[in-house]
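**Q** If you read the protein sequences in the order shown, they are chains A and B.
Those letters in the first sequence? Residues 109 to 218, per the working numbering, in order.
Those letters in the second sequence? Residues 192 to 306, per the working numbering, in order.
The hints are simulated quantities; they were obtained by calculation from the structure and are not laboratory data.
Watch out, some of these pointers could steer you wrong.
Claimed, not checked - In silico DSSO-like cross-links for lysine-lysine, where the CA-CA straight-line distance does not exceed 30 Å:
| no. | chain 1 | residue 1 | chain 2 | residue 2 |
| --- | --- | --- | --- | --- |
| 1 | B | Lys-211 | B | Lys-255 |
| 2 | A | Lys-177 | B | Lys-232 |
| 3 | A | Lys-162 | A | Lys-213 |
| 4 | A | Lys-111 | B | Lys-246 |
| 5 | A | Lys-111 | B | Lys-205 |
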Amino acid sequence: LAKTTQPISMDSYEGQEVNITCSHNNIATNDYITWYQQFPSQGPRFIIQGYKTKVTNEVASLFIPADRKSSTLSLPRVSLSDTAVYYCLVGARGYQKVTFGTGTKLQVIP
Amino acid sequence: GAVVSQHPSWVICKSGTSVKIECRSLDFQATTMFWYRQFPKQSLMLMATSNEGSKATYEQGVEKDKFLINHASLTLSTLTVTSAHPEDSSFYICSARGPLGTEAFFGQGTRLTVV
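Start from the sequences, fold in the hints, and give me the full structure.
**A** Rendered as structure tokens:
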């Protein structure tokens, strides 16, 4: 699986848009990019998945440039409940392994 | 979305005893499930891949005789921590590939404390 690099931590005020960038320089042609959210003492929760350009759902947007060597998770108007660790994963659909990097700890400040 | 249920949510056991953790896919069949361990303030570490009807594949450094995995049906995988010791205390999480095979769904995790 492609190795990913994310910032260790980020702080944001409530109501702001938060962008978390993930680098994956050796992404393979058939790899997808998936983001998960994890609260303390809970299992990770799927947020969004994409292959190229832009994907949007009810909770987030995912921006992927043409070279696909990075991706940005965008969380609109964060609230305190968005304080969590966010993981970026890269792998083929139906991948045999789901391995996690260090993740980004997002702290939302009132 | 697909639901993966893990049981128990937490367990405390005495050193030397064995503990079984169950992972169920509630509304879909999961031919492949994954088991992770997570220590405080660390990322998830993949322990093994569990395939229905066959032996699990363990990651390097994970003792297969200590962490017994059984995937006897398409909706259930179990992890048994045998002869548990305090250093086995951790947060154990399972996941299953969803019905479309495009993403993984995770259980809520099991907090194991060995005293």
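**Q** For every hint, state whether the structure bears it out.
**A** Here is what the structure says about each hint:
Between Lys-211 of chain B and Lys-255 of chain B the alpha-carbon distance is near 14 Å, which keeps this suggested pair within the 30 Å criterion. Taken as a hint, the Lys-177 of chain A and Lys-232 of chain B pair is honoured in the structure, with Cα atoms around 27 Å apart against an allowance of 30 Å. Of the pairs offered as hints, the one joining Lys-162 of chain A and Lys-213 of chain A holds, with about 23 Å between alpha carbons and a cut-off of 30 Å not exceeded. Between the alpha carbons of Lys-111 of chain A and Lys-246 of chain B the distance comes to roughly 27 Å, so the proposed pair stays at or under 30 Å and holds.
At roughly 38 Å between alpha-carbon atoms, Lys-111 of chain A and Lys-205 of chain B are farther apart than 30 Å, so this suggested pair is violated.
Hint check: a violation occurs at hint 5 only; the rest are consistent with the structure.
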